[in-house]
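Protein sequences, first through last, are from chains A and B.
Each position in the first sequence, counted from 1, maps to that position plus 187 in the working numbering.
Each position in the second sequence, counted from 1, maps to that position plus 224 in the working numbering.
Keep in mind that a hint or two might mislead.
Label-pair restraints from in silico Cβ distances [stated by the list, open to error]:
hint, chain 1, residue 1, chain 2, residue 2, range
1, A, Glu-400, B, Asn-477, 29 to 39 Å
2, A, Ser-247, B, Arg-486, 35 to 45 Å
3, A, Gly-358, B, Met-433, 42 to 52 Å
4, A, Ser-273, B, Phe-337, 36 to 46 Å
5, B, Ala-231, A, Pro-284, 19 to 29 Å
6, A, His-412, B, Asn-477, 23 to 33 Å
7, B, Ala-475, A, Ser-357, 45 to 55 Å
8, B, Pro-292, A, Asn-278, 17 to 27 Å
9, A, Val-322, B, Leu-235, 39 to 49 Å
10, B, Leu-236, A, Ser-247, 44 to 54 Å
11, A, His-431, B, Gly-296, 46 to 56 Å
12, B, Pro-292, A, Tyr-222, 44 to 54 Å
Simulated from the structure, these hints should not be mistaken for lab results.
Each residue gets a CB set at the ideal place from its N, CA and C atoms; glycine is no exception.
If you want the building blocks of each chain, they are given just below.
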Amino acid sequence: MTQHQTAPAPVAAAPSAAHAAPAPLLSAHRVNVFYGPRQALKDVSLSVAQASITALVGPSGSGKTSLLTCWNRLTDLIPSCRVTGSIHFANLDILSPHTDVLQLRRRVGMIFQKPNPFPFSIRQNLACPLREHGVTDPHLIDARLESALRQVGLWKEVSDRLETAALSLSGGQQQRLCIARALILSPEVLLMDEPCSALDPISSGWVEDLIVELRQQYTIVIVTHNLAQARRIADHVALFWVQHGTGQLIEHGPTAQLFDHPGHVLTAAYINGLRG
Amino acid sequence: MVATWGAALVLLVFFGLLLGDLLRHGLAGLSWEFFTSPPRHAGREGGIAPILVSTGLILGVCMLTALPFGLGTAVLLAEWTHHRSRTGALVRRSLDTLAGVPSIVFGLFGNAFFCVTLGLGFSIVAGGLTLACMVLPILIRSAEEGLRAVPHDYRLAAAALGLSRATTVRRLLIPAAIPALLAGFILGLGRAMAETAALIFTSGYVDRMPTSLWDSGRALSIHIYDLSMNVPGGDARAYSSALVLIALLLAINAGSMWVGHRLASKRILAA
């Protein structure tokens, strides 16, 4: 295995500086996830460099999404779920009971497989999380709303109908709105759980281009079943596999290395389409 | 297939007979004067103006008290207790039992507690509060079902954005559950409006125009009961009053469907 298990690093000053010498921003060390008696993820250690895209690939049920939801403690919402090991975001101990989960989730945004805008207007979808996190000045809300919509390339399409229902947008637009809704909180990390798989090919292409653009400013961890997509956009790839009924990390490394010189027989089989 | 259609037909025929009977005997008595004047000669003549006002006030007190309690309990059950937790199960079992308690028992309880113990006497407040106890189970259960039916995606999305549970409930779940809340409200309102037994001992019989909530007031259903049972020669007015009651219930149902439909068509609510 090629994953590096560095100790959690302090927050790097600027993404540009970090881009030159990527420091791990997210880390998981010997993480196990249980749903009731069933173990979904076994002994996973993985570090994610700042301002990079890390793709988690592998067959269904191999624990990719479970790991993703550890980093924003969304696992708390599943009553029977238990997580052990140590998980860090910069120098913040995510699993500590003293961690301010709401603040953590502001800093670590998440995009889901199915676009899930709230049943409100476009404006309310973006203003509601901002207000919750203490931004109440209407001018500031408007400014950040416009900037978030511009970032996802939606401003021109919806600027004249911000009051219409978000659910009346097309699937691709809804997903970009969800990304804008995450971005408006100025997160440092974006967790993406198959963000393109519920979209048509054209929308999927747009969202993929957007993810690549976002790499400049955010650290992105993306779960994808699309190996071609992982190869196109990711700096690092981590392959998960189901062994003895539980998900495990098989191999982790730079994209080119993993695809061209896989270190594990399962990786070679999976990327050649022989297994999985 | 034949049995299904037959059963539906029988139901329609009975409803038709009931409505036809009411219309035949009651329609002639309806006039502007009937709605605007007080009853005379124990209700054999005159109208139902004070009775409509009392009914409205009793329902108002009932729903204003029941709604916040009902919504609060439903939120607690749906969002803060686990689906199979013992507290939740206990509360739910109690509510189901309460929903099955005969209304006369609620009437006696209301009389003992609100009229006597709390010293409210025979009053619109006492009647409204008694009805509130009665409709609470209906309100709570339908609101809880409504909240549970809100797609889990919304809760995940809200949590992932760092929204607190209180905000999630207030800004997201309650608005998304409005159709179900409305349905529960209408069911409760309908049951409260048609209630007789629980009001006899609490809001009383007095058919004068109430001047405050602490006055006794006669609800429409009690007026019908009194005219048909205790007042010889009161049948015609009883029919007209019953027709008004039925019309009000139908209007409330239609109104709520219209509101629900409008909200849904605006897509403010959950798709």
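Taking the hints in turn, this is what the structure says about them:
| no. | hint | in the structure |
| --- | --- | --- |
| 1 | Glu-400/A / Asn-477/B: 29 to 39 Å | violated (53 Å) |
| 2 | Ser-247/A / Arg-486/B: 35 to 45 Å | holds (42 Å) |
| 3 | Gly-358/A / Met-433/B: 42 to 52 Å | violated (60 Å) |
| 4 | Ser-273/A / Phe-337/B: 36 to 46 Å | violated (57 Å) |
| 5 | Ala-231/B / Pro-284/A: 19 to 29 Å | violated (59 Å) |
| 6 | His-412/A / Asn-477/B: 23 to 33 Å | violated (49 Å) |
| 7 | Ala-475/B / Ser-357/A: 45 to 55 Å | violated (40 Å) |
| 8 | Pro-292/B / Asn-278/A: 17 to 27 Å | violated (45 Å) |
| 9 | Val-322/A / Leu-235/B: 39 to 49 Å | violated (57 Å) |
| 10 | Leu-236/B / Ser-247/A: 44 to 54 Å | holds (52 Å) |
| 11 | His-431/A / Gly-296/B: 46 to 56 Å | holds (48 Å) |
| 12 | Pro-292/B / Tyr-222/A: 44 to 54 Å | violated (37 Å) |
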